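Chemist: Sequence:
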Amino acid sequence: MKLLKKIFKSLIITLSVLILLISILAIYNQIDLKKEARQIVPNGKMVNLNLYKVHIYTEGENKKDPTLIFLSGSGTVAPVYDFKVLYSLLSDKYKIAVVEKAGYGYSDIINLKRDVNIMVNELRRALIKADINGPYILIPHSMSGLEAIYWAQKYPEEISGIIGIDMAVPSSYDDFDFEKTNQMMTLATLSVKLGLLRIPYIYPLSELALNETEIYQQKLLMYRNALNPIYLTEGKAIYNNAQIVKKGDPISCPILMFLSNGKETGESWILSQKEYAKENNAETISFDCGHYIHHYKSDEMADSIKLFIEK
2 MKLLKKIFKS LIITLSVLIL LISILAIYNQ IDLKKEARQI VPNGKMVNLN
52 LYKVHIYTEG ENKKDPTLIF LSGSGTVAPV YDFKVLYSLL SDKYKIAVVE
102 KAGYGYSDII NLKRDVNIMV NELRRALIKA DINGPYILIP HSMSGLEAIY
152 WAQKYPEEIS GIIGIDMAVP SSYDDFDFEK TNQMMTLATL SVKLGLLRIP
202 YIYPLSELAL NETEIYQQKL LMYRNALNPI YLTEGKAIYN NAQIVKKGDP
252 ISCPILMFLS NGKETGESWI LSQKEYAKEN NAETISFDCG HYIHHYKSDE
302 MADSIKLFIE K
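First residue of the sequence shown: 2, per our numbering; consecutive thereafter.
For the record, the hints were derived by calculation from the structure and aren't laboratory data. Possibly wrong hints are sitting among the right ones.
[Said to hold, decoys possible] Ranges between beta-carbon positions, derived for each pair:
| hint | residue 1 | residue 2 | range |
| --- | --- | --- | --- |
| 1 | P201 | D250 | 43 to 53 Å |
| 2 | E213 | K279 | 38 to 48 Å |
| 3 | N63 | F177 | 37 to 47 Å |
| 4 | E208 | E37 | 15 to 25 Å |
| 5 | P251 | P201 | 46 to 56 Å |
| 6 | V42 | D116 | 23 to 33 Å |
[Claimed, not checked] List of simulated lysine-lysine pairs, DSS-like, C-alpha gap at most 25 Å:
| hint | residue 1 | residue 2 |
| --- | --- | --- |
| 7 | K46 | K130 |
| 8 | K248 | K220 |
| 9 | K220 | K35 |
Since we're looking at a predicted model, the values are computed, not measured. Heads up, the beta-carbon is just placed ideally off N, CA and C, and yes, glycines get one too.
Kindly produce the complete structure, drawing on both the sequences and the hints.
Modeler: This is the structure:
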């Protein structure tokens, strides 16, 4: 009995210390977020869309070819830095633009509806206000594949091609386990609020092709942006957006699709892409690597993209 009491007392003390440490970390996180807000400095242009601002980064001056528009996947905290390892290999020949939607990168975090029509028109308005005119070649990663396809459905004259990076297609979410994902998101959101992201290696970020300033800025954006409300709103709208795109008209622009090995997304994700490619005459290139293909195969991708555009 005495042994049990000692064990119970030790557990209570351990739990109390843990709660105290987490509470201190949560307070520290809120204080630091306010300090860090002054250190976040956009490296591109902030475009005013009336109620909020969207960040666009451009690089390269060639105006003869279509501009390459990079669109990030769900939850990528700093697209302008995440994509650098790839666009830095292309901007010597083409003009590139990374458009960071509301809630992403340097763009404002604001509560907005996230149906696919609203998101695509947000991207279009931002590009027009930044004097970046079409035609565009869209380079979507993951979830933004739906936005790219919808854009080509609704405004085909603006799109001369799509280059997908393990991109979502209309059937990608047919068998998606949304209940499990929502549970994980709830736990992850709580961990963000508690400041657990400040523990080293909890939220790994790619530092490929980045200098020290960019690495630091990316970290600040991670602390600010990770799992913010707009990401959650997007997640809840994903299935309906996929159904909207599924009902849309076929697209006619050339498509190149880079496929991962599916270990991080599931076999059905890859099968959906292959089926979509077959239906739409798309070229596919498969790599034995993770979902963020550009982190692993940027050189090979850049070569294939240049060949695709030249054709």
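Chemist: Please go over all the hints and tell whether each is borne out by the structure.
Modeler: Outcome of the hint check:
1. P201 - D250: 43 to 53 Å: 48 Å, holds
2. E213 - K279: 38 to 48 Å: Check passed, 45 Å falls within 38 to 48 Å.
3. N63 - F177: 37 to 47 Å: 39 Å, holds
4. E208 - E37: 15 to 25 Å: 18 Å, holds
5. P251 - P201: 46 to 56 Å: Because 48 Å falls inside the window, the suggested range holds.
6. V42 - D116: 23 to 33 Å: 32 Å, holds
7. K46 - K130: With Cα atoms ~10 Å apart, K46 and K130 stay inside 25 Å; holds.
8. K248 - K220: 39 Å, violated
9. K220 - K35: 15 Å, holds
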